[in-house]
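Asker: Each chain, written out:
2 protein chains.
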Amino acid sequence: MEKSSIPEVVVARLPVYIQKLNQLVREGREIVSSQEMAEHLGVSSAQIRKDLSFFGGFGKQGTGYNVINLLESLRSILNLNQIWEVVLVGVGHLGQALLSYQGFSRNGFEIVMAFDNDPKIVGKTFAGIKVIDVNEMQNHICPRGVPIAILTVPAANAQEMADQLIRCGVKAILNYAPVTLKVPEGIRLANIDPVLSLQTITFYL
Amino acid sequence: MEKSSIPEVVVARLPVYIQKLNQLVREGREIVSSQEMAEHLGVSSAQIRKDLSFFGGFGKQGTGYNVINLLESLRSILNLNQIWEVVLVGVGHLGQALLSYQGFSRNGFEIVMAFDNDPKIVGKTFAGIKVIDVNEMQNHICPRGVPIAILTVPAANAQEMADQLIRCGVKAILNYAPVTLKVPEGIRLANIDPVLSLQTITFYL
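Protein sequences appear in the order of chains A and B.
So in our numbering the end of the first sequence lands on 326, straight run, no missing numbers.
So in our numbering the end of the second sequence lands on 326, straight run, no missing numbers.
Among these hints, one or two may not hold up.
[What the hints assert, rightly or not] Pairs of lysine-lysine, DSS-like flavour, derived with a Cα cap of 25 Å: (1) A/K171 with B/K303; (2) A/K245 with B/K241; (3) B/K171 with A/K303.
[Unchecked claim] Simulated DEER-style distance windows between Cβ atoms: (4) A/C263 with B/Y325: 17 to 23 Å; (5) B/L162 with A/R265: 29 to 35 Å; (6) B/I152 with A/G224: 42 to 48 Å; (7) B/Q203 with A/A277: 42 to 48 Å; (8) B/I308 with A/K241: 22 to 28 Å.
[To be verified] In silico contact screen, one side only, chain A against chain B (beta carbon under 8 Å); selected entries: (9) V132; (10) S197; (11) L199; (12) H214; (13) S221; (14) G266; (15) I269; (16) C289; (17) K292; (18) A293; (19) A311; (20) S318; (21) Y325.
Worth flagging that the hints you see were computed from the coordinates, not collected in a lab.
Remember, predicted model here, so these are calculated numbers, not experimental data.
Beta carbons: idealized from backbone N, C-alpha and C, even for Gly.
Turn these sequences into a full structure, and let the hints guide you.
Answerer: Given below as structure tokens:
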């Protein structure tokens, strides 16, 4: 099946299933039903079965899924059986927090370079990464061919930094700046903005 | 229309429209078409019109939307015309970054208390907020009736902290811990996990 024919909301749920399966592995579980998978995930068991059906059959009616097999299959579908190199641009409070977050490397995402424009930050080392002047970005990223960037710069600088990163060959950006970035066709963009999440919550309060 | 009859994915897109409308206000724009709204948002103009139709009519065919009116309507629908008090639990690197992030108060979310269990952190002040011992949480949150909590504790502590917060009357949790939390019916939960976002991206790379 063509990747583009799979709804993005389906793809976005697969990492959630992986997180749940990882928890089941830690609990020593071997088999799980779609009903149990669905618990506390905010999706129905029918939705889970439908999501997985996009990628072929993973279980027989009534027997449940083999936890390890399903986990490995989903990891393979999402190309997670490799190390992904990542650059981080913007080493303020949030950038520093992300540099010291061990969840990235534990899940195969290795931050290999970090950039900032603040002379008080450039040259400092955070979690083993020495911050490079953002004006040197092209010299460092272009030759290495880093596929993913995390953008933690102020809103006003985000578009310019995104443009530079894309010129340097970056194919995907995880954007923390609270702006709508314009990126060319073929570049993947994901946004993390806690304010947007809170604003969704308040609808229900 | 009943709130529960509006799909959550629709509600989750409204803050994105608000962000875009705020940008248009800053640019001095008065009218916007659904086509222009849709640009760079990753949704179609038809989807935007359909989303808005859940909440009544906001524009006439062919004339576009009045930017200010639509912005005010969406803010009102999401209950954003008030200050929302928020507590933050877990003042590690990420918690400290969030305490100093001005985007919350700028958008009506006021972090009024912060808690941690680390004796080296308790008593310290970050961005004007003095960190309180997490064992004192109930005494501080319960009487005040804070509706929203941001959870930035390690995965292993997240469920216990969520349970305590809910016992203290918290109605919604923005969870940064990389685990699936179990919360009772009626409690709103939103998760922010950059690893999940990256794992969605890698499907397409």
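Asker: Decide, hint by hint, whether the structure agrees.
Answerer: Evaluation of the provided hints:
1. A C-alpha spacing of about 23 Å is found between A/K171 and B/K303, which places the hinted pair at or below 25 Å, so the restraint holds.
2. For the suggested pair A/K245 and B/K241, the alpha carbons sit about 23 Å apart, so the restraint of at most 25 Å is met.
3. The hinted pair formed by B/K171 and A/K303 meets the criterion: a straight-line CA distance of about 23 Å does not exceed 25 Å.
4. Between A/C263 and B/Y325, the C-beta spacing of about 22 Å keeps the proposed range 17 to 23 Å intact.
5. A beta carbon spacing of about 31 Å between B/L162 and A/R265 agrees with the range 29 to 35 Å that was offered as a hint.
6. In this structure the supplied range 42 to 48 Å holds for B/I152 paired with A/G224, their Cβ-Cβ distance being about 44 Å.
7. Between B/Q203 and A/A277, the C-beta spacing of about 28 Å breaks the proposed range 42 to 48 Å.
8. A hinted range of 22 to 28 Å is violated for the C-beta pair B/I308 and A/K241, which are about 42 Å apart.
9. At about 5 Å, the closest approach between the beta carbon of A/V132 and any beta carbon in chain B falls short of 8 Å, and the interface hint on this residue holds.
10. At a threshold of 8 Å, the smallest CB-CB gap from A/S197 to chain B is about 11 Å, leaving the interface hint violated.
11. Taking 8 Å as the C-beta contact cut-off toward chain B, the hint placing A/L199 at the interface holds, the least distance being around 5 Å.
12. Given hint, A/H214 at the interface with chain B, holds; its Cβ is 4 Å from that chain's nearest Cβ, closer than 8 Å.
13. The interface hint given for A/S221 holds, since its Cβ lies 5 Å from the closest Cβ of chain B, which is under the 8 Å cut-off.
14. Taken as an interface hint, A/G266 does not check out: its beta carbon lies about 12 Å from the nearest beta carbon of chain B, beyond 8 Å.
15. Look at A/I269: its Cβ gets to within about 7 Å of chain B, closer than 8 Å, so that hint holds up.
16. Violation of the interface hint for A/C289 is found here, the shortest Cβ-Cβ separation to chain B being roughly 15 Å, above the 8 Å cut-off.
17. Taken as an interface hint, A/K292 checks out: its beta carbon lies about 6 Å from the nearest beta carbon of chain B, inside 8 Å.
18. This hint holds: A/A293 has a C-beta 5 Å from the nearest C-beta of chain B, less than the 8 Å allowed.
19. Taken as an interface hint, A/A311 checks out: its beta carbon lies about 4 Å from the nearest beta carbon of chain B, inside 8 Å.
20. A hinted interface residue such as A/S318 counts as satisfied when its beta carbon comes closer than 8 Å to some beta carbon of chain B; here the least separation is about 4 Å, so the hint holds.
21. Evaluation of the A/Y325 hint against chain B yields a held restraint, the C-beta minimum of about 5 Å falling below 8 Å.
Hint compliance for this structure: hints 7, 8, 10, 14 and 16 are not met, and every other hint is.
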